[in-house]
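Modelling step: build the complete structure from the supplied sequences, incorporating the hints.
Residue numbers (the working numbering): 6 to 139.
The reader is advised that the hints may include incorrect statements.
[Said to hold, decoys possible] FRET-style restraints, in silico, Cβ to Cβ:
no., residue 1, residue 2, range
1, Ala123, Asp96, 37 to 45 Å
2, Ser69, Gln97, 14 to 22 Å
3, Phe92, Ala53, 28 to 36 Å
Treat the hints as calculated values from the structure; they're not laboratory data. Ideal Cβ placement from N, Cα and C applies to all residues, glycine included.
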Amino acid sequence: MQQSGEIIPASPRSRIGDLAIDDRRIRLLGYAVVLIVFFGLGTWAAIAPLASAAHAPGKIRVESNRKTVQHLEGGIVSSLPVRDGDFVEKDQIVMTLDDTQAKSQLEIVHGLYVVALAREARLAAQRDQMEQVD
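Put into structure tokens, the structure is as follows:
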């Protein structure tokens, strides 16, 4: 037996290219299934009414007519003129929050605003070649 780097078949007559497989029926069946699914879903998407809804009459009411009162961001309660179980009227104050944090944030933002105004005045004076800032 001589080895020259080439592949030698098990028998001289067996070749892969000679193997005849008739898979035409299986391929046609696969194509038919894909086309039926594709066109079936496309037809359903075009015809199906998607803008419809189920209508049912009803009334909305608060469960046991109680509502929880909460602040969106939290805070410190400074006064609470009502107690649990009290009945309240429309526009009645039920809680007052401490405004210390809000005031301090307002002062910070106001300070930044004043600094921005001063910078704007300085730049305008520099642009106009003025000796003093107005």
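Taking the hints in turn, this is what the structure says about them:
no.: 1; hint: Ala123 to Asp96: 37 to 45 Å; verdict: 43 Å, holds
no.: 2; hint: Ser69 to Gln97: 14 to 22 Å; verdict: 20 Å, holds
no.: 3; hint: Phe92 to Ala53: 28 to 36 Å; verdict: 51 Å, violated
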